[in-house]
Amino acid sequence: MSLFSKPKNDNGDHAMIHLRDVHKYYKTAIGDYHALNSIDLEIEAGEFVSIIGKSGSGKSTLLNMITGIDRPTSGEVFVNGTGVHTMGENKMARWRGKNLGIVFQFFQLLPTISVIENIMLPMDFCRTYPMRQREKRALELLEMVELADHAYKLPTALSGGQQQRIAIARALANDPPVIIADEPTGNLDSKTAESVFALFNDLVAKGKTIIIVTHDSGLAKRTHRTALIADGEIVNEYVARAMPTLTQDQMLWATRNAKEQTFEAGTMIFTEGSSADTFYIVSRGTVDVVLPRPGQSDVIALQLGPGKFFGEMAYFHDRRRRASIRASEHSTVEVLALSYDQLTELLDQSEVTREALQQIAAKNELVNAQKRGTS
Amino acid sequence: MSSRWKKVWADFWGNKSRTILTVLTIMVGTFAIGFNNNLSAYMLESMDSDYQSASPSEAEVYAYPLNDDMVKLAREVPGVDAVEGLSMSGAKLVRSDEQPIQIQFIATDNPSQLTLNRVKPVTGETSLPPLGEHEILVDASAIPAGYKVGDIITVELSNGKQRQLKLAGYMHAVTGFPFSFTQTMYAFVTPKTMEWLGGSSDYSGLSISVAENQTDAKHVTEVAQAVSDRLKRAGAEVYYVSVYQPGHHFAWNITQGIFFVLNVLGYMIVFLSGFLIINTVTALMTQQTRQIGIMKAVGGGTGQIFGMYVVLILGFGLAAFLIAIPLANSAAESFGGGMATYLNFAPMPYPGYPSAIIQQAIVSMLVPLLAAIWPIYNSVRVTVREAVSDYGIGGNAKPKDKAVSRAALWISRPMRLSLRNAFRRKLRLSLTLVTLVLAGAIFIGVYNLWASFDQTIKDIQGYFLADVNISFGRYYRYEEVASIAEKVPGVQSVEGWTEYPGTLIRDEETAGTQIMFMAPPSTSTLIDPVITSGRWLETGDENAIVIGNHLLNVFPDLKVGDWLTIDIDGRKTQWQIVGTYTITGNVSPPLLYVNYEYLSKLVGRPGQVYSLRVLTTGHDAVTQKNVRDQIQKLYEANGIQFGSAQLGADFIRDQKAQTDILVYFMLAMATMIAVVGGLGLMGTMSINVLERTREIGVMRAIGASNGDIQSIVIVEGMVVGLISWAVSIVLSLPITNILCYGVGMALLTSPMQAVYGLSGIFAWLTFTLALAAIASAWPARRASRLTVRDTLAYE
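In the order they appear, the protein sequences are chains A and B.
If you read the first sequence in my numbering, its first letter stands for residue 13, the second for the next number, and so on.
If you read the second sequence in my numbering, its first letter stands for residue 27, the second for the next number, and so on.
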């Protein structure tokens, strides 16, 4: 029998995890604290997603919404087709045991029982495997994390990295489709952190959906996708990818001000020479940078996918479009549009981003010239 | 075993000190209840089965003359089942030591053929030893007097002659009063030996057993009175009818009374340990909060986790139960054996008492469960978020009042920290305080009970102020006996008293009530009664009478000014009640005080006395004994019959011996209560230290030494102890009242006057401070051993 079953998405074609307009307020002595603000997030089955943000930005609260550890004040949370926000505490515990494997920053192994007992505990609570198979499975999981030799020791006898790998083995005990890890490497040295991360990669390869919260942007970059959270809101990941040198607050400002626009496949978004007042970031699909050539067929100088932007050259060159942009033939394109005024406001605050954008504009200018010249 | 039950086991077995503390807390109450129930069942069953198997008589009638014809007449009285004649005489043992021992001879051809008050072989023997001429068979309760089988015992008869008797052996007479209580040996002799000892072959009394309602004192008294009347009609002079706790061993009521009080104390211990269990479980659950959160995070349902902790608590209970059962059984068996010897009944083989075991099971399992259910329920409801979030150093501090802070400046900062710490967890502090306060109040209450007993004995002593009380056994001229006694050096003064039996007639139809006149001279200085209404006797009073609480128990409507008709030797006499007195203890028949001058004339013995009361110059035991010995020698030289002599010191010693047993029992219980209090404080202090692990780390990091940390913890314990001590003094007042009332009613048939002494208060202060020091020393030591790394980096 294989250690993991093929994850199935109980929610048909929908995302494995789906948060819809989630708000969370905490009551404090000085009034309500808005911890999460209108969060919309979709994570597909098999995705490896990192959530990053500053301390107090709402990362853990967001994670708690997904695990059902905490409830949204408003909004909906669906995990594997189940409305987490609708479940009672007791039902939730059982559901969580079967559907989510949680890995904590401080491992949180029960100190009084052995390593293998810790791994068997979720199986006992959820009665997921026959009694006789539980120990075998726990040992196999320990082998997977290369700690089978320590099965009968108490957790306190092991190092931090070993304890974290055991915590991962425990998270996998009931073969849940989703693994949620809160700062899983936050308390480990870099070498140990690397081995834990490798373990996550293996699991993703085996079809698990993994969400980690991390401070380490280096690690975050190695996941499929990163959700940046600032002041309780998710920064649009394409904004973050397009202008990574902005501060989180600036990214959030951009996220809030950018307007979403959709273009059907093959639609011309703007044409060369037209007057320009908008800067675009691709959030879905690809756009073609089209260079019209007199008497000849147009040439596609570049294709820009999600996280790429266009409209920067005109911003720096007398506000006239320097190329035509067209939604690619194959898919609908979604973009985030920022007016040049807004862009100016943003770049006035971030000289480094202005320089970066200028360099890219210059580079693209060069590419365009070459394309036009060589064709 | 699945891993969650392994976790329960790990929680149970892994933290042994916590488990021991919890199990001990539950066990103290379980043991107390088991011990009390086992012991009372064992004692009462043994007492009753031994007593009933001896075909006891319910009443005795003393009259003269009595013979077999009279016995036959008595047997024909309606309601009588059996009658046996008693041929008795008394003597005194001649001994080298100072203990005066009386010996009461009862004549019988064959002690194993008695039909009433049968005697049995002593434990371990199958038959009574054969009884030959000039031999005695002695009740085994007198074994402590030190005689061995085959010893020759010298006795001095009332006429001064000495006789030597061989101790043929011991027998067990369950229906009599034991030697330890009366300092009198009961011994069988043959009728011939009785004559040789100067006794008469005639009977001096009858033992009577009634046909039904053997335990109904009223019925038994009526039947005995009917026998008495029948004997009178047949020409006998009836001296006295005795009915004392019919149908039961003499200690039956006392034992029940004692166990009632002990059971109340036992359940008090259970109640207190319930508080401790709440505290302990709350602390346990606080420690487990994070683990509960993790279990929930990995799929544990609230019900599943609740079940785990319920099983853990039941585990503690089961452990306490399993330890307490054999302990309570063996303690009850050995203690019961000792009490059986002391109270003169044969203990039966210890059977074990399912009802006690059931009570222990309830106390050990159900009480902890009830105490724990709320803390467990509260804890398992914690959400994963609350459980795994990191709180850092505990908060809940309110901004302080500046004035208070300024006022507290003269106290050192660590000391202030201790004081503040003591009040941080208010619920926990309250529960600990309740336990300690109740423990202290009961402890002080028991001490006060002890003092009340002493006061009661002093009050009783007021009726027996003489240092030596000599009874002659017949009447002598006062001048004759007084002048001899006054010659003895050390004698300060003497008084001649008289005693005379009578029958109080309330209405002509029914039988009268036996009473005894006590007649001190009207100028007596040797009686200091406790007057409850009216006045005491005065010189010149003639038919004035002072009645006591025992007569009032029978006739509660009697009051000062009422007239009483009392039959004296067939003559009806009239008396007016001028006052009432009270005396604690069992007095039967009721004593009525009248003036000697009037009564002696009334009974035709003016100037004659029945007893002489002597006051010595020294009042101490040695003077008392010397005076008695010298008076005795002089009387013997002058041919005056010396019946018996009781020393004031012996009287007090005998009284105290009986009440002290109860006090020791109660002090044992109070000590157990104190132990529960100590366990509570220890538990609380351990929990406090555990909770403040990080805080202690911080203090260490900023320079606190081992001594600083230990003293902060110990002072906190002392503060809690002192608060509890102060409050327990107040609460001890009503508890003393309740104890004195309950114990008085149970043992002495009247409420005891409560005495509030300082000794209990200071004893408890010492105890509390010692308890607080011990209870916090261990947690303090643990606290001081924590390192900064342990405390701040334990995650």
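Derived from the structure by calculation, the hints contain no laboratory data.
Fair warning: this is a prediction, and the values are worked out from it, not measured in the lab.
Ideal placement from N, C-alpha and C gives every residue a C-beta, glycine not left out.
Some clues are possibly wrong.
Now the stretches of chain A that chain B is said to cover, found in silico as 3 or more residues with beta-carbon under 8 angstroms [stated by the list, open to error]: (1) 70-81; (2) 104-117.
Under the rule of at most 30 angstroms between Cα atoms (straight-line distance), these lysine-lysine pairs were calculated in the DSSO-like manner [as the list claims (entries may be wrong)]: (3) B:K651 <-> A:K110; (4) B:K192 <-> A:K103; (5) B:K651 <-> B:K192; (6) B:K651 <-> B:K513; (7) A:K218 <-> A:K271; (8) B:K42 <-> A:K165; (9) A:K165 <-> B:K192; (10) A:K148 <-> B:K192.
Listing some non-contacts, in silico: residues in chain A with all C-beta distances to chain B over 12 angstroms [unchecked claim]: (11) P134; (12) T140; (13) H162; (14) R182; (15) S202; (16) T204; (17) T238; (18) S340; (19) N376; (20) A381.
- Query: Which earlier hints turn out false for this structure, listed by number in ascending order?
  - Reply: 3, 4, 7, 9, 10, 11, 12 and 14
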